[in-house]
Structure formats: structure tokens, C-alpha cells
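Going down the list, the protein sequences come from chains V and E. Letter by letter, the first sequence follows residues 66 to 235 of the working numbering. Letter by letter, the second sequence follows residues 66 to 235 of the working numbering.
Calculated from the structure, these hints are not laboratory results. Check before you lean on any hint, since a few could be wrong.
To be verified - Pair by pair, the computed Cβ-Cβ distance ranges are:
{"id": "1", "chain 1": "V", "residue 1": "LEU232", "chain 2": "E", "residue 2": "ALA172", "range": "38 to 44 Å"}
{"id": "2", "chain 1": "E", "residue 1": "SER229", "chain 2": "V", "residue 2": "GLY136", "range": "45 to 51 Å"}
{"id": "3", "chain 1": "E", "residue 1": "THR138", "chain 2": "V", "residue 2": "MET184", "range": "40 to 46 Å"}
{"id": "4", "chain 1": "V", "residue 1": "GLY222", "chain 2": "E", "residue 2": "PRO143", "range": "20 to 26 Å"}
{"id": "5", "chain 1": "E", "residue 1": "SER107", "chain 2": "V", "residue 2": "GLY222", "range": "18 to 24 Å"}
{"id": "6", "chain 1": "V", "residue 1": "ASP144", "chain 2": "E", "residue 2": "ARG233", "range": "26 to 32 Å"}
{"id": "7", "chain 1": "E", "residue 1": "GLY222", "chain 2": "V", "residue 2": "ARG157", "range": "28 to 34 Å"}
{"id": "8", "chain 1": "E", "residue 1": "LYS97", "chain 2": "V", "residue 2": "ILE227", "range": "34 to 40 Å"}
{"id": "9", "chain 1": "V", "residue 1": "ARG85", "chain 2": "E", "residue 2": "ASP144", "range": "39 to 45 Å"}
{"id": "10", "chain 1": "E", "residue 1": "GLY186", "chain 2": "V", "residue 2": "GLY228", "range": "40 to 46 Å"}
{"id": "11", "chain 1": "E", "residue 1": "ARG233", "chain 2": "V", "residue 2": "GLY218", "range": "42 to 48 Å"}
{"id": "12", "chain 1": "V", "residue 1": "ARG157", "chain 2": "E", "residue 2": "ALA81", "range": "35 to 41 Å"}
Quantities reported herein were computed from a predicted structural model and do not represent experimental measurements. Beta carbons: idealized from backbone N, C-alpha and C, even for Gly.
Number of protein chains: 2
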Amino acid sequence: MSNIAGTIAEMKKMLANLERWVDKGVEHATAKKFEPSVLLNSRLVPDQYPLTRQIQAACDAAKFGAARVAGKTPPAHPDTETTVDELKTRIRAVVEYLGSFSAADYAGADKVVVELPWMPGKALAAHDYLNELATPNFYFHITTAYAILRHNGVELGKQDYIGSLNLRDK
Amino acid sequence: MSNIAGTIAEMKKMLANLERWVDKGVEHATAKKFEPSVLLNSRLVPDQYPLTRQIQAACDAAKFGAARVAGKTPPAHPDTETTVDELKTRIRAVVEYLGSFSAADYAGADKVVVELPWMPGKALAAHDYLNELATPNFYFHITTAYAILRHNGVELGKQDYIGSLNLRDK
Numbered sequence: 066m067s068n069i070a071g072t073i074a075e076m077k078k079m080l081a082n083l084e085r086w087v088d089k090g091v092e093h094a095t096a097k098k099f100e101p102s103v104l105l106n107s108r109l110v111p112d113q114y115p116l117t118r119q120i121q122a123a124c125d126a127a128k129f130g131a132a133r134v135a136g137k138t139p140p141a142h143p144d145t146e147t148t149v150d151e152l153k154t155r156i157r158a159v160v161e162y163l164g165s166f167s168a169a170d171y172a173g174a175d176k177v178v179v180e181l182p183w184m185p186g187k188a189l190a191a192h193d194y195l196n197e198l199a200t201p202n203f204y205f206h207i208t209t210a211y212a213i214l215r216h217n218g219v220e221l222g223k224q225d226y227i228g229s230l231n232l233r234d235k
Numbered sequence: 066m067s068n069i070a071g072t073i074a075e076m077k078k079m080l081a082n083l084e085r086w087v088d089k090g091v092e093h094a095t096a097k098k099f100e101p102s103v104l105l106n107s108r109l110v111p112d113q114y115p116l117t118r119q120i121q122a123a124c125d126a127a128k129f130g131a132a133r134v135a136g137k138t139p140p141a142h143p144d145t146e147t148t149v150d151e152l153k154t155r156i157r158a159v160v161e162y163l164g165s166f167s168a169a170d171y172a173g174a175d176k177v178v179v180e181l182p183w184m185p186g187k188a189l190a191a192h193d194y195l196n197e198l199a200t201p202n203f204y205f206h207i208t209t210a211y212a213i214l215r216h217n218g219v220e221l222g223k224q225d226y227i228g229s230l231n232l233r234d235k
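Please construct the entire structure, taking both the sequences and the accompanying hints into account.
Here's what the structure looks like:
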């Protein structure tokens with residue numbers, strides 16, 4: 066597996082982990098008798114995105130990361146989710162989309178140039194885009210989502226964050 | 066540049082970004098007339114590491130990431146830092162160490178197997194180790210360090226997080 070495919074596969078796994086963190090958040094809200102929407106609207110800092118937007122942004126970083134490096138146009142997701150179920154559907158849609166890529170889709174990545182809508186006239190080589198923007202942005206939003214849940218008392222630990230490993234016997 | 070080298074180069078850049086976030090934290094503490102050690106001892110959740118340990122852990126994830134994939138033994142850092150200056154020295158030491166690697170160091174990565182001290186008898190292929198452990202752990206601690214500073218009022222934004230980009234003209 067090329068390391069690009071490995072990077073995208075890891076994003077796919079982390080999004081599936083994220084869905085489980087959200088489930089644990091709902092369990093916590095139910096046990097403590099508060100609405101899960103309290104978690105979705107929580108943020109660490111007043112001028113930072115709440116959980117809903119962190120989840121949407123993590124989905125987008127992964128989706129655009131895979132699509133742009135492969136030179137494809139991803140499906141649109143207009144950020145209209147307001148409930149846990151809608152956010153889980155969004156996550157699953159992106160997990161499924163990421164699963165549609167294989168190493169062959171990145172075979173031409175060395176020649177792909179990524180244009181950024183918010184930087185007219187400028188572009189990044191695909192590898193630079195993946196390393197310098199898509200990956201740090203993805204993990205920023207994934208980790209901030211995790212932090213918002215932890216900050217609100219949801220019991221998550223390192224194992225929930227990392228998820229499964231492709232272990233082999235020594 | 067192979068994508069492994071690109072991944073490590075990005076960690077190096079993010080650690081340099083982290084040093085600037087710490088500097089901004091010190092400026093904030095000075096302006097608000099409190100000791101910077103208050104920031105170093107701050108955490109988002111009672112049972113999560115404070116800023117000092119987040120910085121040390123980010124340094125370690127990057128250092129071990131580069132070293133293990135290249136089949137090398139990294140320098141030891143015993144986590145004894147207690148001041149801003151000591152933490153900045155730690156960050157710089159790891160930035161310098163990461164800078165000593167080149168793509169050639171990862172040329173044999175496809176055959177490298179990484180043994181994990183805390184999982185006797187188990188191992189990960191080098192690419193899996195980088196994608197499934199080193200990278201998510203690195204960004205976990207980097208982003209949590211950023212979140213602790215933001216949560217304590219330090220004025221940081223997305224540009225501080227992302228840092229410089231290898232932009233080219235379209």
C-alpha cells in the first residue's frame with residue numbers, strides 16, 4: 066500500500082472511531098439525563114467551532130484529501146446536520162466514500178497539482194497538500210471533537226482514540 | 066520526496082509551530098500578569114495530561130516516528146522539563162533531530178518491522194506504525210497543546226496551527 070493510500074485508510078478508520086465517540090457521548094447524555102444536543106453545541110473556546118462543526122470539518126478534510134490527491138471531484142455535503150443521527154449519516158457517507166479509493170487512484174499523485182478555492186492563483190503539489198493541509202486539518206478537527214467530548218465528561222481513552230492496529234506477530 | 070519523508074518533515078514544521086504557540090502563551094501570561102507555569106500545568110480534563118506533558122508527548126511521537134521507520138535508535142529525552150525554556154530546548158532538539166533525516170533514510174521502510182516495547186510479541190510494519198500510531202498520536206498531542214493554550218485565552222488561529230505552506234503559482 067502506498068503511503069498515500071495508508072494515510073487515507075487511517076482517516077477512514079479514525080472517522081469510524083469518531084462515530085463510536087459520538088455513540089459514547091449519547092450514552093453519557095442518556096445516563097446523565099441531558100440532551101445529546103448539548104454536546105453537539107459544546108465548544109472548548111467561545112470563538113472555536115462546536116462539536117457539530119468539528120465533525121463536519123473532519124469529514125471534509127478527509128473527503129477533500131482523498132479526492133483532490135486523486136484528481137477527483139467529491140460529493141457535496143452542505144453542512145446541514147443538526148442531530149446525532151444526521152452527523153452519523155454524514156460520517157458513514159464519508160467513510161464509504163474513502164473506502165471507494167484504492168492505491169491505483171493515487172498512482173498519478175506525483176503529477177497532481179491541487180488548486181485551493183480560497184487562494185486564487187496558488188496551488189500545492191498533491192503530496193504537499195496531503196501533508197501540509199489535509200492531514201493536520203483532519204487531525205485538528207478529530208482531536209478537538211475528542212477533546213470536547215472528554216471536556217464534557219464522556220469517558221474516552223487512548224484506546225478509543227487510536228482504535229484497531231494492524232498488528233502482526235513478531 | 067517520499068511521503069514518509071514528507072510526513073516527518075511536516076511533524077518537524079508543526080513542532081516549530083508549537084514553539085511559537087508557547088511563545089504566544091508566554092506573551093499572554095506576561096500581559097495578563099500570571100506565571101507561564103500556570104499554562105504549563107493546565108489541562109482540559111482532570112485525568113488528561115497538562116500542557117508540559119502534551120509537548121513532551123508530541124516531541125516523542127515525532128522522534129520515535131522518524132527513528133523507528135528508519136530503523137534507528139533516537140536520543141533519550143527523560144521528560145524532566147518543568148520550565149518554558151526547557152520545553153523550548155526539548156522541541157528544538159527534536160526539530161534538529163528530525164532535520165537530520167533524509168528520504169534515503171526511509172528507502173528500506175517497506176521491510177522495516179517496528180516492535181513496540183509495551184506490546185511484547187507484537188509488531189507493526191513501518192508504514193502501519195507511522196500511519197496508525199505515530200501520526201495520530203503526534204497530532205493528538207499537538208492539537209491538545211493548542212487547545213489548552215486556546216482554552217486559557219492565548220490568541221491563536223488556524224494560521225498559527227497550519228504554519229507555512231509550500232505554495233506554488235498556478
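Structure-based check of all given hints:
1. V/LEU232 x E/ALA172: 38 to 44 Å: Cβ of V/LEU232 to Cβ of E/ALA172: about 25 Å, so the range 38 to 44 Å is violated.
2. E/SER229 x V/GLY136: 45 to 51 Å: Distance hint for E/SER229, V/GLY136 is violated at roughly 25 Å.
3. E/THR138 x V/MET184: 40 to 46 Å: 41 Å, holds
4. V/GLY222 x E/PRO143: 20 to 26 Å: 25 Å, holds
5. E/SER107 x V/GLY222: 18 to 24 Å: 20 Å, holds
6. V/ASP144 x E/ARG233: 26 to 32 Å: At roughly 30 Å between Cβ atoms, E/ARG233 and V/ASP144 fall inside 26 to 32 Å, so the hint holds.
7. E/GLY222 x V/ARG157: 28 to 34 Å: Given about 31 Å between the Cβ atoms, the range holds.
8. E/LYS97 x V/ILE227: 34 to 40 Å: 36 Å, holds
9. V/ARG85 x E/ASP144: 39 to 45 Å: Between V/ARG85 and E/ASP144, where Cβ atoms are some 31 Å apart, the hint is violated.
10. E/GLY186 x V/GLY228: 40 to 46 Å: About 21 Å separates the Cβ atoms of E/GLY186 and V/GLY228, which means 40 to 46 Å is violated.
11. E/ARG233 x V/GLY218: 42 to 48 Å: At roughly 46 Å between Cβ atoms, V/GLY218 and E/ARG233 fall inside 42 to 48 Å, so the hint holds.
12. V/ARG157 x E/ALA81: 35 to 41 Å: 37 Å, holds
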